[in-house]
Amino acid sequence: MANSPSSRGRFGIHGGQYIPETLMNAVIELEEAYDYYKDDPAFNAELTELFNSYAGRPSLLYYAANMTADLGGAKVYLKREDLNHTGAHKINNVLGQALLAKKMGKTRLIAETGAGQHGVATATAAALMGMECVVYMGVEDMERQALNVYRMRLLGSEVRGVSAGTGTLKDAVSETFREWTNRIDDTHYCLGSVMGPHPFPTIVRDFQAVISREARQQILKAEGKLPDAVLACVGGGSNAIGSFYHFIGDEGVRLIGCEAAGRGIDTWETAATMNTGKLGIFHGMKSYFCQDEYGQIAPVYSISAGLDYPGVGPEHAMLHDSGRAEYVPVTDDEAVDAFEYLSRTEGIIPAIESAHAVAHAIKLAPTMGKDQTIIVTLSGRGDKDVAAIARYRGEDLHE
Amino acid sequence: MNKIADAFAASPNGKAFIPFITAGDPTIAVTEQLVKAMARAGADLIELGVPFSDPTAEGPVIQDANIRALKNAVTTDDVFDMVGRLRAEGCVVPLVIMTYANVVFSYGIERFAAREREVGLAGVILPDVPHEEKAEFAEVFAAQGLDVVSLIAPTSHERIREIAADAQGFVYIVSSLGVTGVRSEITSDIPGMVALIRDANPGIPCAVGFGISTPKQAAKMAAASDGAIVGSAIVRMIGAQGEACVEPVTAYVREMAAAVHAV
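In order, the protein sequence lines correspond to chains E and A. Every letter in the first sequence is one number past the one before it in the working numbering, and letter 157, counting from 1, is 157. Every letter in the second sequence is one number past the one before it in the working numbering, and letter 76, counting from 1, is 76.
The hints are simulated quantities; they were obtained by calculation from the structure and are not laboratory data. Keep in mind that a hint or two might mislead.
Said to hold, decoys possible - Quick look at which bits of chain E chain A covers, simulated, 3 or more residues with Cβ under 8 Å:
hint : stretch
1    : 13-20
2    : 24-38
3    : 158-171
4    : 176-189
5    : 287-294
What the hints assert, rightly or not - Derived SDA-like pairs: lysine to any residue, alpha-carbon spacing no greater than 20 Å straight-line:
hint : chain 1 : residue 1 : chain 2 : residue 2
6    : A       : Lys-71    : E       : Glu-269
7    : A       : Lys-36    : A       : His-261
8    : E       : Lys-102   : E       : Glu-49
9    : E       : Lys-103   : E       : Thr-48
10   : A       : Lys-71    : E       : Ser-163
11   : A       : Lys-71    : E       : Gln-296
12   : E       : Lys-221   : E       : Arg-57
13   : E       : Lys-225   : E       : Gly-249
14   : A       : Lys-71    : E       : Pro-299
15   : E       : Lys-278   : A       : Gly-108
16   : A       : Lys-71    : E       : Glu-293
17   : E       : Lys-38    : E       : His-246
18   : A       : Lys-71    : E       : Gly-167
19   : A       : Lys-220   : A       : Arg-254
20   : A       : Lys-71    : E       : Asp-292
21   : A       : Lys-71    : E       : Ala-298
22   : E       : Lys-278   : A       : Ile-109
23   : A       : Lys-71    : E       : Tyr-294
24   : E       : Lys-363   : E       : Gly-72
25   : A       : Lys-71    : E       : Trp-268
26   : E       : Lys-278   : A       : Arg-111
27   : E       : Lys-278   : A       : Glu-136
28   : E       : Lys-102   : E       : Ala-33
29   : E       : Lys-278   : A       : Glu-110
30   : A       : Lys-216   : A       : Arg-254
Stated by the list, open to error - Computed footprint of chain E on chain A, listed as stretches where at least three residues anywhere in the stretch have a Cβ under 8 Å from a Cβ of chain E:
hint : stretch
31   : 126-139
32   : 151-162
33   : 175-188
Idealized CB from N, CA, C, for every residue including glycine.
Assemble the whole structure, with the sequences as input and the hints as a guide.
As structure tokens, then:
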């Protein structure tokens, strides 16, 4: 039986489909459509064409010579997802899902957004493909990322503020699920990370896996060998799983996810799920979540709106359980320092999310040999964060 | 006693009026009074919501009730203790917990089920646990003689038979698309859904929820099924009246129960 209980979409014990019955046929329909199109040459050709001619792929693997010299250890390469159209890795997933939704006959996209990057990417794909688009965003995040709100409206999308709960990413996800139960027939929920009910964690991972597919070829060409470590920041975990995926089978490659520790994992103001959370069920999946002893989801905190999420994708939870990937906490302070460091050292302003991975590279590279290499995924560019970082340093910018 | 099936069997006409309240809203003491008062006013089965921080199937009215209850620091244990007191005082109305998967999972599914049986609860309704994920909970609850209630929705179509065949206690028919909340009309084909349920599982009662607020709607839904479930309309009253809610809620439940029992 296709629907045998608890067998669908599992990563180890994680994953599953913990959603209202109202949505079950929608995710089954999505799974069936994806199973068909993922192996359809025409679909894949169309997606590759969008990647290359619209999003600007393949993205560069850039050798950060200044950073490498300064840190005095492993050679540091940056996978430049920040150079993609719309300025982040989010476009990879969104182009794939929008194309899939279109093939399914859907005319409307809905999406959640934290930092606004996924919302902007979804609004962009909707504009390109002539689809209606509504983006849900926490009111707190709308304040932190006002430019992205305007950007989405400019692209023809409606942005709806979510004031429930903490007014951040998790509340935006909840509200988008609620909206999906309200309007299913013509609407696809374009989920932004490797989370939610099956088949989303698989679909999003597959569309983001282009990152490691390219990076693997690029590093082999540049160095003639695989990297010693791959680093990426982890909120829900989409750029990280995309960066890890084609290296999972290469046992010599350390996979390191960098979580947002906020003010520290010994404080309540943190979003480091692997380091502080426990096993739970939320937003459609079994995985690790920041929560209290009665299972109430914790109001997490990070300087980065894109990592400010109390859970993590189920495939990461499995990689954590098996020890195949490591998950390290990076504080606000460390991330802001790394944000400034990369700007000064390489002339690249990273997204504050990506700066979490850069921060760990700054710690890791000096401990490694000069014959070793690490790849750090720069998931997005930092223009959106400049005002917030200035504020963090006590300076108020008036744009 | 205290079983879900008893609620339907004991009703004057086999039709159940099923009110929902969020435990701890406005206080756990008022919830205790409400349960007793609603039972006296004719409620056949009462759904007690254990508050959750992120109730993804709820509309704004019940979301706010969850926030109020959590602001009062109401815990799962407080709800079990309250039910224990109600039973000790001789309140026998069947009670079923409605909450979210993580509340049960984090407490420990076995421990949750054991506490339910101990205090005299009848089972659980988990709106974020569909048929595919039900076994993880249902097997543990069944071992304690408790029911995990299945839900079907207007989008369930060909899934209805399989869900109904495997259902325990009663089948919760979600009347409409969207989240909980009052609706001016219900357009789904309820009789069609009921027919499929009855065909797959002739012994299982079914009741309709989501959107019902008037005696007329309740009577119509009870006529088409075996009962009517009302949440947001009551919770809105509690939100507006606070600690003074017991009297108006009791009057409302009396009117609604009478409408259902007159079908």
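Any hints from earlier that this structure breaks? Give me their numbers in increasing order, please.
none
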